[in-house]
Amino acid sequence: MADSATVLELIDLDAIDLAVEPADRDGAILALARRLQATGRVIDAEAVTAAALEREAIGSTNVGFGVAIPHAKSEHVARAGFAFGRRGGGIRWAGEAVADAAGESTGDHDVDLVFLIASPAQASDDHLRILATLARALMHEEFRDALRGTGTAEETLSLLADRLSA
Amino acid sequence: MAERRIVAVTSCPTGIAHTYMAAEALSKAGAAAGAEVKVETRGSIGAENELTAADIAAADAVIVAADTAVPEERFAGKPIVHASTGDAIKDSASLVARALAGADAAAASGAPAAAAAPSGNTAGGGYLDQVAAAKAAQKSRQKGAYRHLLTGVSFMIPFVVAGGILIALSFAFGITAFEEEGTLAAALFEIGARSAFALIVPVLSGYIAFSIADRPGLAPGMIGGVIAGTIGAGFLGGIIAGFLAGYVALWLVRSIKLPKAAQGLMPVLVVPLISTAVVGLAMIYVIGEPVQFINARLTEFLQGLSGGSALILGVILGVMMAFDMGGPVNKAAYTFSVGLLGSGVNEPMAAVMAAGMTPPLGLALATTLWPRRFTEEEHEAGRAAWVLGASFITEGAIPFAAADPLRVMPSIIAGSAVAGAISMTAGVELNAPHGGVFVLAIPNVLTSLPIYLVAIAAGTIVTAVTVATLKRRVSIGEEAAVAGAAA
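These protein sequences, in sequence, are chains A and B. In this text, residue positions in the first sequence follow this note's numbering: the first is 3, and each later residue adds one. In this text, residue positions in the second sequence follow this note's numbering: the first is 2, and each later residue adds one.
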C-alpha cells in the first residue's frame, strides 16, 4: 500500500510512550499531543487536543478491543504523523459524547492502546494511506497483542515499521 | 453452492481511520463466513477500491457502514444492511451474517429483496428502507419472463392512453371528421393513431428486451417491434420480438470476446448490428410468413361461414377480435366485416365493434369493482380503458393482456364472444367501420340500439367477472408461495 512513503515518515521514537501518565481521555490525548509537539510535527498541542476532542464529540474513537484512535485534522499540525501511547492500567475513554452517528455510545470503556493521529488541513495522500494501513492493521488481534507485548519504544517502532510498510 | 459475494461501502466523518478499520473488519468477517467481500472506502483520500457496476450486479448483498451520507441508488434492488462504522468495527461478524441472511431471503423469494432490518441507522434511513423493502418485495413476486413483460407494459401504457384518448377526441368531431385533411380532428388522429399507436408495439418489445439485456436490448427490441407492426403480427408478435431481441443481445454481450483494442466496438457496432439483423430476419421470415398465412386462412374461413349460423359467426368474430388486438386474427375479423359493408351486409360489422369495445370496458369494470386484483399501473390504465373501450379502441386492453396474457386473454375472449353472439343473433346492423359510442347516437348508422347496448354490457360483465375470478385464484396462490418461501 505505502510504496512511496513509509511509516517512519509519520512516527518518531519520541512519540512513543509505553507508560502514559494520565488515566483520563483528555489528559492522555494532551500528553501524546505534547510529544508530537516536541518532535516538531505539531505546532500547538492544546489546539490539536481541542480538535481531537471535537472529533470525539462527534463520535468516540474508542473502537473497542482496548484501542482508541483519537485524531485531529488541524492547521496547528505542521507535518502529518501520529503518536502511540500505552497504559497498562487502562485509560477511561468516557465520552460525554454519548451519541455517535449510530446513536450509540462507543465510549465508557477503558482502553490501553492509544494512537493520536495528527494531520494537517492538507495531508498528502501517501500519508493518509499509511494511516489507513495502520487503521486496518489495528483490526487484527495479533497486531494489537504485539503492540501490548513490546518492551521498549525501539521495539514498538520496529514493529510498526515492519507491519505498516509492506 | 457458489461462494456468496458481498459489496460494502465504508465512510466516516474525518475519513482517516474508521473508514479503513471498518473496511478491514468487514473483509475479515467475510472471509471467516466464507463470503467474498469487496469494500469501497470513502475516506479523505477519496473513494478507493471502488465498486464497479459488475461488482454490484454480482453481489448477493450490500453492507453500508457509514457515519456520513452514502448514495445508495446504485444498490437498488439488493438487500442492504446499514450500520455505523463503529458497528462494523466492533461487530462485523453479525453485519456479515445479517447481509447473508438478507441475501438468502432474497434468493428464496426469487429476486433480490431488501431484507435485514437496519439497526444502527443513519437518521431518516428507516422509512426509506421500508419503502424500498416493500417495493422489492413486490418485485420479488414478479419472476423472470413475467417481470420483463411488465417492464415493457409499464413503458407502453402512456402510449396507449395518450394515443387512444386523442383518437377518441378526434371522433368527437364527427366520426369521419379525421378524413378531412387540415382539420384539428385529422391532426388529433394523426397524433393518436398514426404516431402514438405506431409506437405501442415497438415500445413494448423494446423495453421487454431492455429489461432482459439492459441497453444492448433496446435497439433490436424496438426495431423488431416495428417489424411486428409492419407484418401485422400485433402485440403478440411484439412480445416475441422483445424476448428474442433481449436474449440475443444478452447472449452476444456475454459470449463475444473481442481483443481489448476492439472492445469499444461492442456496444456501438457489433451487438446492435448482429442482434438487429438476427431479430429482424427472424421476424420477417419466421414470424411474418405464418402471420400472413393465418390471416389469409381465417379470412377464407369467415367467408365460408357467412350465410350460415348467425350465432356461430358472432361467437367466432368475437373471439377473433379479442384474440390478438391488432394481430393477424383480429385483422382478419375486422377486414372481413369492413369488406362486407360494401356489399350491404352490415351485421358482422356491428358484432365486430361490440366485441372490440368489450375488452377495454370489461377490464376497466374489473379494476373498478376489484381494485386489489390489479396493480397501481393497471388502475391508471383502467381509467383510460373506459374511454378507449367506449371509442372502440380495443388497444386499451393491450396493457392488461400483455402483462398477464394467460389470464386476461381468455377473459376478454369470453366477453367478446358473448357480445358478438348477442349482436349477431339479434341481427343488429352497423354501417360505420369505427367510432364506438360516437356513432351510436347518429341516426341510421345503427339499428336497434337497446339490444346493441345489452350486447356490449353483457360482454363487459362477462370479461370483468372472468378476469377477476382468474386473477383472484392466482394472487392467492402467489401469496401462499411467497409466505411459504419466507417461512
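It is worth saying that the hints were derived from the structure and are not from the lab. Treat each hint with caution, since some may be false.
To be verified - Computed list of chain B residues with no C-beta within reach of chain A, every gap over 12 Å:
no., residue
1, Ile17
2, Tyr21
3, Ala26
4, Ile46
5, Asp68
6, Ala89
7, Gly175
8, Arg216
9, Ile285
10, Asn296
11, Ala311
12, Val339
13, Leu342
14, Ala433
Unchecked claim - In the EDC-like style, the derived pairs of lysine to aspartate or glutamate whose C-alpha atoms are separated by at most 16 Å in a straight line are:
no., chain 1, residue 1, chain 2, residue 2
15, B, Lys29, B, Glu74
16, B, Lys29, A, Glu144
17, B, Lys29, A, Glu156
18, B, Lys29, B, Glu180
What the hints assert, rightly or not - Which bits of chain A does chain B cover? Going by a derived footprint, with three or more residues having C-beta under 8 Å, they are:
no., segment
19, 43 to 56
20, 121 to 129
All residues carry an ideal CB built from backbone N, CA and C; glycine is no exception.
For this session: Grab the minimum beta-carbon distance between Ala89 of chain B and chain A and tell me whether it stays above 12 Å.
Result: Given a closest Cβ separation of 10 Å, the condition is violated.
Exercise. Does the claim that Ile285 of chain B lies off the interface hold, with its Cβ farther than 12 Å from every Cβ of chain A?
Worked result: 58 Å, holds
Problem set entry | chain B over the segment 43 to 56 of chain A, status - at least 3 residues with CB closer than 8 Å | The restraint on the segment 43 to 56 of chain A is violated, since only 0 of its residues have a Cβ under 8 Å from chain B and three are required.
Problem set entry | Least C-beta distance from Ala433 of chain B to chain A larger than 12 Å | Ala433 of chain B clear of chain A: closest Cβ-Cβ about 70 Å, beyond 12 Å.
Exercise. Would the least Cβ to Cβ distance between Tyr21 of chain B and chain A come out above 12 Å?
Worked result: 4 Å, violated
For this session: Quickly compare the C-alpha distance for Lys29 of chain B and Glu144 of chain A to 16 Å and report which way the hint goes.
Result: With a Cα-Cα distance of about 13 Å, the restraint between Lys29 of chain B and Glu144 of chain A holds, given a limit of 16 Å.
Exercise. Taking C-beta pairs only, is Arg216 of chain B more than 12 Å away from all of chain A?
Worked result: The claim holds: Arg216 of chain B sits with its nearest Cβ about 35 Å from chain A, beyond 12 Å.
Problem set entry | Proposed proximity, Glu156 of chain A with Lys29 of chain B (alpha carbon, max 16 Å) | Roughly 30 Å between the alpha carbons, so the hint for Lys29 of chain B and Glu156 of chain A is violated.
Problem set entry | Non-interface claim for Ala26 of chain B versus chain A (Cβ beyond 12 Å) | At roughly 5 Å from the nearest Cβ of chain A, Ala26 of chain B sits no farther out than 12 Å, so the non-interface label is violated.
For this session: Please settle this one: Asn296 of chain B was flagged as non-interface, so is its CB more than 12 Å from every CB on chain A?
Result: The claim stands: Asn296 of chain B keeps its Cβ more than 12 Å from every Cβ of chain A (closest is about 67 Å).
For this session: Verify the proposed pairing of Lys29 of chain B with Glu180 of chain B, using a straight-line Cα cut of 16 Å.
Result: 74 Å, violated
Problem set entry | Non-interface claim for Ile46 of chain B, where every Cβ of chain A lies beyond 12 Å | 5 Å, violated
In this structure, the hints that do not hold are numbers 1, 2, 3, 4, 5, 6, 15, 17, 18 and 19, in rising order.
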